[in-house]
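Chains H and G are the protein sequences, given in the same order.
Going by our numbering, 133 is the number at position 133 of the first sequence; the sequence numbering is gapless.
With positions in the second sequence counted from 1, the corresponding number in our numbering is that position plus 282.
Certain hints may be false.
[As the list claims (entries may be wrong)] Footprint (simulated), chain H over chain G, 3 or more residues, beta carbon under 8 angstroms:
#1 307-315
#2 385-396
#3 410-418
#4 440-447
[Stated by the list, open to error] Far from chain H, some chain G residues (derived; all Cβ distances over 10 angstroms):
#5 I453
#6 D457
#7 T458
#8 V459
#9 E476
#10 E508
#11 P530
#12 T538
#13 L539
For the record, the hints were derived by calculation from the structure and aren't laboratory data.
Note that this is a predicted model, so its numbers are computed, not measured.
All residues carry an ideal CB built from backbone N, CA and C; glycine is no exception.
Number of protein chains: 2
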Amino acid sequence: MPIIHTIADCRSFVANEHNEGHTIGLVPTMGALHEGHLSLMRRARAECDAVVASVFVNPTQFGPSEDFARYPRDLERDAQLAAGTGVDAVFAPSAAEMYPAGFATFVEQSAPVAERLEGQCRPGHFRGVLTVCLKLFNIVGPDRAYFGRKDYQQALVITRMVRDLDLPLEIIRCDTVREPDGLALSSRNQYLDEATRRQALSISRGLGRARGAAAAGERRAAALAEIIRAELLAAGPCSIDYVDIADPDTLAPVETLDGPAVALVAVRIGGTRLIDNCLLEP
Amino acid sequence: MPIIHTIADCRSFVANEHNEGHTIGLVPTMGALHEGHLSLMRRARAECDAVVASVFVNPTQFGPSEDFARYPRDLERDAQLAAGTGVDAVFAPSAAEMYPAGFATFVEQSAPVAERLEGQCRPGHFRGVLTVCLKLFNIVGPDRAYFGRKDYQQALVITRMVRDLDLPLEIIRCDTVREPDGLALSSRNQYLDEATRRQALSISRGLGRARGAAAAGERRAAALAEIIRAELLAAGPCSIDYVDIADPDTLAPVETLDGPAVALVAVRIGGTRLIDNCLLEP
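Only chain H is shown next, with the shape it has when bound in the complex (with noise of 0.2 angstroms):
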């Protein structure tokens, strides 16, 4: 499976592709693989005549106190998990081309769904995360993209700027993958140590719990975020950026479930940030 490193070798490698009547599937990632990843690639090479996953870390979705220097990165690891998968070609652009001196073109987005929630919490995230996909779909030109419901808010603020543009592909949003005791697969779950762990499986604990409330009756949003919290809380010493209970789709806030909501949370443990979410069935 060939390793591509320029945007020219990866358009002709998809014009091939077009040019053969073959539908595209797209997995973006910033690698360090994990098996939620592989699971979108899965349900690509399933769907789809030819797969690309693209690895990039993105500079521009990065606040400037992020990770993103340490963000980790193995990109022989990356292409032999993505060619486990069938994926047919791996695409990993330099910064410095995706990027080059004097780029000054941003895809903004100013809906709620957008702006709140990881929107305030990291500005400008959402800002680098439309423009770096933009330009992976015009560059590979697929059929369809496939990101995950960890990021929840990411793929359905995409959804949105595919909807507003015009892109002519459509967005697979695919379930979570998780551990056996709950923990949502994250790169970043790389960070944390035994103890830090442990304690993070407050979050999807906390979320189980809330889930369970909302089928029982419970109908007051704030209720259901006081669950999580307290879970969360009980667990050890954290930062919560943030507990919410919102529309599924447009993410404006939810004071008493009328139907369906996600419940959304991000939290920092032991210097980690980690985000998750479940859909509450009232």
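Following the hints, put chain G in place on chain H, whose structure we already have.
Just chain G now, with coordinates in the frame of chain H:
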């Protein structure tokens, strides 16, 4: 020649062309077609297998106090003129479909090329221009898109977007078409009466005198700008938005002509805002 009113119909029109291996040329316009637009369509006709001209008065590129409401609209006449150049289809979408409720995604550009001159005089203008052009590119999927040099900065900003966002198309910039007496063709010339039209000739006259002075050895940008400014003011009451001598690629201000530069003018004459430009070659 069909007039296509919906995005879905436009997509199927161009899908047929793509399936037959045809190259597609796009000429984006706001209608009120004149010989300038028609020259772009003829060039596209000569260079592409299929040509789509879009006619869409784009609300997002007008400021609140600008002429969106009174901008001239006559789709039947525009379609006849376009058909006369051999265009294969006119795409005239509705604002409701281009900007549905909840539309929230825009392209922003931060370089001097977008922030100076029109960017400064018309805040949000290029945001609207870039966003609608990106949407049209995504709907039509052209191999080439044609823009006139009369809107010099607009063509540069769009070229920059295409490069930064890796759009798979080429921007073709075409020379300004002028009346025999020098007035640059513009849909807004319709707003001029006999007296203001005569006064507006000071723009091309001033640009021509600056061009002559540069060719004759004048290297000081301030002196060249003053030649244009004096010509505008001598012709009657007007309000000058800018007279600028700039780098032809970056639009950074130039003090001394070491190579080609562009002279750009925006001036209000009798309530009508007109722009024009010319290359200065020392």
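Going down the list of hints, with the structure as the test:
Under a criterion of three residues with beta carbons nearer than 8 angstroms to beta carbons of chain H, the stated coverage of the stretch 307-315 of chain G fails, only 0 such residues being counted. With 11 residues bearing a CB less than 8 angstroms from a CB of chain H, the stretch 385-396 of chain G meets the requirement of three and the coverage assertion stands. Look at the stretch 410-418 of chain G against chain H: 4 of its residues bring a Cβ nearer than 8 angstroms to a Cβ of that chain, three or more, so the hint holds. Judged by the Cβ-Cβ criterion of 8 angstroms, the stretch 440-447 of chain G is covered by chain H as claimed, because 4 of its residues qualify and three suffice.
The non-interface label for I453 of chain G is consistent with chain H: the shortest C-beta to C-beta separation is roughly 13 angstroms, beyond 10 angstroms. With a least CB separation of 26 angstroms from chain H, D457 of chain G remains clear of the 10 angstroms interface cut-off, as annotated. Once the 10 angstroms rule is applied to beta carbons, T458 of chain G is consistent with being away from chain H; the minimum gap is 25 angstroms. Chain H leaves V459 of chain G outside its interface by the beta-carbon criterion, the shortest separation being 29 angstroms against a cut-off of 10 angstroms.
For E476 of chain G, the non-interface assignment is confirmed: its Cβ lies about 43 angstroms from the closest Cβ of chain H, beyond the 10 angstroms cut-off. At roughly 31 angstroms, the least C-beta separation between E508 of chain G and chain H is larger than 10 angstroms, which holds for a residue marked as non-interface. A cut-off of 10 angstroms between C-beta atoms confirms that P530 of chain G is not in contact with chain H; the least separation is 15 angstroms. Every C-beta of chain H lies more than 10 angstroms from that of T538 of chain G, the closest at about 23 angstroms, which supports listing it as non-interface.
The claim that L539 of chain G lies off the interface holds: its Cβ sits roughly 22 angstroms from the closest Cβ of chain H, which is beyond the 10 angstroms cut-off.
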